[in-house]
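Novice: Using the sequences and the hints given, assemble the complete structure.
Here is what each chain is made of, one letter per residue.
2 protein chains.
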Amino acid sequence: MRQTIPVQECPGGVTAARGFVAGGRYCGIRKMKKDLAIVASEVPAVTAAVFTLNKTQAAPILVDKIQLSRSETCSAVVINSGNANACTGERGLNDAWEMVRTTAAAMALPEEQVMISSTGVIGQYLPMDRMIVGIPQLAAQLSASGNHDAAEAIMTTDTHSKETAVQFSLGESMVTIGGMAKGSGMIAPNMATILAFVTTDASIRRSLLQKALARANKRSFNRITVDGDMSTNDMALVLANGAARNKPFSENSEEFQLFCAALEYVMIKLAKMIARDGEGATKLIEIFVKGARNEEEAAQAARSVANSNLVKTALHGCDANWGRIMAAVGYSGIDMDPELVEIRFNGLPVLNQHYSIVLDEEKAERELAKEEVLVTIDLNQGTHTARFWTCDLTKEYIHINASYRS
Amino acid sequence: MRQTIPVQECPGGVTAARGFVAGGRYCGIRKMKKDLAIVASEVPAVTAAVFTLNKTQAAPILVDKIQLSRSETCSAVVINSGNANACTGERGLNDAWEMVRTTAAAMALPEEQVMISSTGVIGQYLPMDRMIVGIPQLAAQLSASGNHDAAEAIMTTDTHSKETAVQFSLGESMVTIGGMAKGSGMIAPNMATILAFVTTDASIRRSLLQKALARANKRSFNRITVDGDMSTNDMALVLANGAARNKPFSENSEEFQLFCAALEYVMIKLAKMIARDGEGATKLIEIFVKGARNEEEAAQAARSVANSNLVKTALHGCDANWGRIMAAVGYSGIDMDPELVEIRFNGLPVLNQHYSIVLDEEKAERELAKEEVLVTIDLNQGTHTARFWTCDLTKEYIHINASYRS
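The listed protein sequences derive, respectively, from chains X and C.
Its first residue numbered 4, the first sequence is counted upward by one per residue in our numbering.
Its first residue numbered 4, the second sequence is counted upward by one per residue in our numbering.
Fair warning: there could be bad hints in the mix.
Any copy, or any two copies together, can satisfy a pair, since identical chains are not distinguished.
In silico lysine to any residue, SDA-like type, Cα no more than 20 Å apart, as pairs [said to hold, decoys possible]: (1) K58 to Y334; (2) K272 to V376; (3) K398 to C321; (4) K373 to F291; (5) K58 to G385; (6) K58 to N355; (7) K34 to S359.
Just so you know, these hints were derived from the structure itself, not from any lab.
Specialist: In structure tokens:
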């Protein structure tokens with residue numbers, strides 16, 4: 004589906020859509036790296052969000068949930084890296100609110116127009132003295148070309164920044180959706196945190212924006228795994244400021260379907276960038292389960308394979324170990340008949356039905372040595388599919404995550 | 004509980020109990036290593052078993068389930084390493100039945116008195132020509148001192164064999180329970196397979212033996228994880244031949260409670276040996292969750308922490324990263340209040356309630372450098388507990404599991 008929607012990729016990331024500005028700078032939380040970002044809309048933007056389901060939720064998550072209940076719109080999001088403000092109790096909550104107030108004051112906004120986000124070390128307090136200075140400095144620097152600085156400022160152990168944007172026609176209007184994300188892994192003490200910020204100039208009701216986000220999130224950020232660890236700070240946020248002046252549309256319209264598809268396109272693109280940049284990764288692995296009785300079972304099987312350390316180490320070693328894939332599908336919890344399963348690597352048949360092994364080890368090794376590996380698993384018991392993205396598991400992952408905090 | 008039960012450890016493993024013989028030898032499945040074992044009882048022994056829940060089940064599992072339905076007792080178990088006879092379809096099933104027939108013929112037993120087990124490479128056929136020769140040779144060698152050879156013959160990537168036994172008074176009789184196990188990891192292509200064989204001279208009804216096994220299994224082999232991958236071949240088997248001539252007992256008796264506790268002691272001991280010997284492991288990690296509202300939730304939280312790659316790499320690096328532990332408890336799915344959680348390493352307080360951090364980094368590092376690390380997590384919301392055992396995640400794990408099959 005995402006191959007056929009009429010969207011055009013364009014530059015600009017989180018400021019590609021009209022009416023958005025952004026910026027990123029160093030304010031003293033990390034060591035000599037940009038650590039503070041702001042994304043802002045010239046007019047209040049309708050806002051939707053999804054948050055981590057972890058019971059241990061960082062202070063900014065708790066604050067944002069209150070902000071969303073106070074206002075349907077948001078004008079600025081301030082994000083810091085280097086410190087997650089998680090497991091910081093009462094003081095962390097006070098610090099989070101101070102981030103809100105400082106940003107609101109610097110940008111002359113009502114407090115309820117500000118959302119916040121943090122990623123980094125957990126269990127440490129934010130250096131509020133530096134942030135109180137840094138936030139107004141950054142607020143004065145925002146521009147329509149600040150997208151890249153912002154994308155850099157939210158990075159932690161990411162090896163490169165992650166941005167994308169698309170344009171498409173919605174009725175008679177040209178609409179843009181752009182976004183930035185940070186991936187899976189943090190400066191020690193590490194937590195796999197996913198943050199994503201998406202902006203669009205579409206005019207859309209909040210209830211529809213939230214539905215579109217939830218649907219796209221299910222098929223993007225909820226379909227990637229690096230190590231199966233869910234963070235205390237994960238969140239994805241979408242701001243829609245209406246600057247494209249498209250006509251209002253309803254949930255049953257073609258326009259809404261198109262908007263959903265474009266949002267899913269952007270979010271899947273960001274999600275794949277995160278998976279490819281997983282800690283220690285050398286390749287992007289796509290697990291494509293087809294022939295399932297429904298999408299939930301397809302996703303469950305794909306998740307099980309994508310989370311398997313044994314599968315991920317085998318693919319790292321270019322070992323066509325289809326047995327580990329069979330085992331991971333087998334313990335995924337779905338009802339399936341192993342005799343019907345077929346497995347392909349980048350289209351190369353490895354296992355046909357009834358355990359008919361058609362593996363050519365040399366050819367398979369050549370496919371697995373590529374930077375992108377598509378593992379297709381056909382359950383042959385229905386018509387539904389699901390995709391999951393992950394990366395290989397390497398010694399470098401252990402190296403990054405076993406190191407001391409410093 | 005397991006510290007206070009009146010059992011005495013003794014040598015002899017799977018032949019410690021009266022009336023059992025065993026042996027192990029090389030028959031040509033593996034390269035120059037013992038690969039075939041038999042455990043036998045002089046008289047038919049009441050048999051109970053638990054099997055992998057993986058939907059992809061190896062041929063011997065399918066055969067054993069039929070055998071258990073044909074007879075309440077079993078006289079011999081034949082086990083091979085080096086080949087799992089999994090994902091081998093119709094031919095694999097025929098081979099499995101031939102293992103049964105060959106063993107029955109060699110030992111002059113009815114076919115329904117034989118159980119089988121396999122562990123090793125999956126997707127390859129057993130070398131039946133060699134097994135047909137090897138099984139009768141081994142059957143002629145069984146002895147009451149063959150326990151160690153048997154324990155060696157079931158090893159795959161295990162670095163050492165795993166045996167234990169205990170004696171205890173049951174009424175006026177002295178009863179022995181002994182066992183052997185193999186652990187988590189197999190020669191390439193690897194599958195984390197757990198096999199355990201326990202023998203006892205207790206006289207016990209099959210229904211009670213099955214209950215005792217299920218209960219002990221829940222707190223032993225179901226409480227260890229090396230990489231979270233569940234094998235197609237996992238099984239635990241208990242044979243009870245009645246040679247101790249203890250008086251019959253009922254489910255509500257003290258005797259049954261004592262038998263259950265002793266069986267749990269043996270199985271936990273074997274389970275811990277497996278976790279400690281996990282692929283690439285340098286230390287045994289015990290996750291002890293207390294203060295839970297019920298045992299299920301305690302186990303769920305402990306499993307989540309034990310399965311976390313981030314926790315296991317941190318402990319490998321002696322990094323007192325309690326934040327990752329909090330996160331893993333948080334996403335375990337249980338209802339909990341993170342503010343109430345307390346964490347200790349080998350008894351050393353690290354985190355008190357309300358995120359009060361009491362971590363002394365140097366002292367913590369010293370505790371985490373030990374060969375056994377006890378991570379205590381107090382949820383402070385009830386009185387129930389659960390233990391889980393795992394090992395650290397190391398570069399050596401990647402090395403073992405990324406290598407080519409050869």
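Novice: Could you tell me which of the hints above the structure violates, numbers in ascending order?
Specialist: 7
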